[in-house]
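A.B. asks: The primary structure of each chain is shown beneath.
2 protein chains.
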Amino acid sequence: MHSFKELSQLFATHFQQKHFPAQPSNLYEPCDYFLQIGGKRIRPILTLLGNELFDEINKDAFEVATAIELFHNFTLIHDDMMDAASLRRGMQTVHTKYNSNIALLSGDVMLIKAYDFIAKIKSEYLARILQLFNKTAAEVCEGQQLDMDFEGRENVSLDDYIEMIGLKTSVLLAAALQMGAIIGGASEGNCNHLYQFGLNLGIAFQIQDDYLDAFGNPEKFGKEVGGDIKQNKKTFLFLHTLEVADEQQTQQIEQLIQENPADKVLQMLHIFKECNVDAWANELKEKYYQIALKHLDDIAVTSIRKKPLVELANFLIERES
Amino acid sequence: MHSFKELSQLFATHFQQKHFPAQPSNLYEPCDYFLQIGGKRIRPILTLLGNELFDEINKDAFEVATAIELFHNFTLIHDDMMDAASLRRGMQTVHTKYNSNIALLSGDVMLIKAYDFIAKIKSEYLARILQLFNKTAAEVCEGQQLDMDFEGRENVSLDDYIEMIGLKTSVLLAAALQMGAIIGGASEGNCNHLYQFGLNLGIAFQIQDDYLDAFGNPEKFGKEVGGDIKQNKKTFLFLHTLEVADEQQTQQIEQLIQENPADKVLQMLHIFKECNVDAWANELKEKYYQIALKHLDDIAVTSIRKKPLVELANFLIERES
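Residue numbers (our numbering), protein chains in the order written: chain G, 9 to 329; chain Y, 9 to 329.
Possibly wrong hints are sitting among the right ones.
If chains are identical, the list can't say which one is meant, so a pair holds when it fits in one copy or spans any two.
Derived SDA-like pairs (lysine to any residue); straight-line CA-CA distance at most 20 Å [stated by the list, open to error]:
1. 26 / 143
2. 302 / 80
3. 302 / 290
4. 241 / 326
5. 128 / 139
6. 130 / 142
7. 105 / 90
8. 67 / 135
9. 105 / 160
10. 128 / 142
11. 314 / 29
12. 272 / 193
13. 26 / 142
14. 315 / 41
15. 143 / 34
16. 13 / 49
17. 302 / 261
18. 314 / 273
If you're looking for bench data, these hints aren't it; they were derived computationally from the structure.
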């Protein structure tokens, strides 16, 4: 059995392989460029963790892990186009460095290459994994569409937001784990608990991400604080504030959004604090975190095997106290 | 056994099913819209033909045929974006009717849904068909990239063009046939001959398409004649003309491209005729058509079973005399 860190290193080494042919270079070079921007590679490691929870790592887990990482990068290339983002991790996005047509087609071919790795696995679970991969991939697109829809919509509830986040980010974490479990020969019940562990952990992680964007230490967080507020993003904090704000606060919020004053972030943070959203967000995160752990607990394997997954959860989620 | 026309009707009925969920409507309604624009549905019928060449039609052939038609429509949605085309078959393209972000994401999800139909087929040939589907899909992207590359390149040879056309359009016809053959239980040798039949027929068809754009009867062709010339497209005719033109003709061509006179189409057609490209194109088409038929001939089944494929070839390729 491997620790989370060891699996991370194992995958990094495996992923250094060349994934694309050399020609046509205008199609495949942007793919290589984007992959070397890097990332934490959390999702493929989840597949290895899911496999090793039930059995020794099978080489098929590496194929599926690679497919998942390529799929994730395909979504980033196309999401960057939709968001008109010029930078990712401090590097130029594909449509900025090359052009929109190249980013469109390179993203397409990266998605297709993801399926090429799925096609390599043993036929005994190929159909099941392919179906889960397809379902998840479509859900991620649905989540991205809902996210875009919400930008232009006034009446977004907290439940709408949780549904969107679940689709846009959590289902891929959950499915990455479950695909590993399928390869490891897990029962359907265990597979479902592992999926729910991933789903709820993903939502807890997003609550934390929204929280840190408002209240985080900028040096530690690695992003400018208040970015979501500047962009009027409908986050967990913003939506809850709207739900609990009194009339005066609601008016203030509407004014801040319309008038965009220089101290908008400070003023909005002040309202957030008046409404106690910081404490509320921590409680909500803790709630989803505990649901995740409960599902991990319910998986019928010895607790020693679950240790790397607990490590992962602790790595992703900063706990109060 | 069914005629080409009967299979066409069978597929049309089958394809009327609902392929997408209702929500999120901004994601799936554009997919439904684009599919109802219609088309000849040649590619899925090829899969049914490929199947029935060797055995009774298996319901898996309909799944694969649906996947291929969805894949083809995904490429059209994204190609329309890359070409900034506002109309297709007289209807608004997706990015024109909705917007670029919606066209991007609807195309993505249509590709993913294509794989969902592949995932339904029997496990005995799932891996083989998935691998062929992936290879073909990547090749179609490569062909599209080469096509875009050629626009900005001066030195495109006829061989470059044939390679590009092969990737961009013919491999999908060839693979559609071969997937049907695999489902029909064909031997590898027969599969390969059928693939080559499709590949060469596709190239003959493209030569004809380029020819008709220049010399076709506009009423019969259904498109404005000379469209390729107006857009300075590097077609079979144009590339061959450049290869055989004398110095004076070459100068004339360069002038026409630079100056874009009102009678450019007439003048270019005049040079085409001086260089005898019309006769040359018909010979080249005939050459590929004959290669295609030779491969069909070499398939080890009784010739009566090949009749629908001969009908198809005759439907696609207009013969002189």
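A.B. asks: Would you mind marking each hint as holding or not holding in the structure?
C.D. replies: Now the hints, each set against the structure:
1. 26 / 143: Close across copies (17 Å), not inside one copy (27 Å); limit 20 Å.
2. 302 / 80: neither (27 Å within a copy, 45 Å between copies)
3. 302 / 290: within (18 Å within a copy, 72 Å between copies)
4. 241 / 326: Classified as neither; 23 Å inside a copy, 58 Å across copies.
5. 128 / 139: Classified as both: same-chain Cα gap 15 Å, cross-chain 8 Å, threshold 20 Å.
6. 130 / 142: Both: 17 Å inside a chain and 17 Å across chains, each within 20 Å.
7. 105 / 90: So residue 105 and residue 90 pass the 20 Å test inside a copy (15 Å) and across (17 Å) alike.
8. 67 / 135: Answer is both: 17 Å inside a copy and 17 Å across each meet the 20 Å cutoff.
9. 105 / 160: This pair counts as between: shortest inter-copy Cα distance 18 Å, intra-copy 29 Å.
10. 128 / 142: both (16 Å within a copy, 11 Å between copies)
11. 314 / 29: For residue 314 and residue 29, the Cα distance exceeds 20 Å both inside one copy (39 Å) and across copies (37 Å).
12. 272 / 193: neither (53 Å within a copy, 68 Å between copies)
13. 26 / 142: between (24 Å within a copy, 17 Å between copies)
14. 315 / 41: For residue 315 and residue 41, the Cα distance exceeds 20 Å both inside one copy (35 Å) and across copies (50 Å).
15. 143 / 34: Answer is between; shortest inter-copy Cα gap is 18 Å, intra-copy 30 Å.
16. 13 / 49: Cα proximity of residue 13 and residue 49: one copy only (11 Å, versus 51 Å across).
17. 302 / 261: The answer is neither: 38 Å in one copy and 74 Å across copies each exceed 20 Å.
18. 314 / 273: neither (41 Å within a copy, 72 Å between copies)
The structure shown violates the earlier hints numbered 2, 4, 11, 12, 14, 17 and 18.
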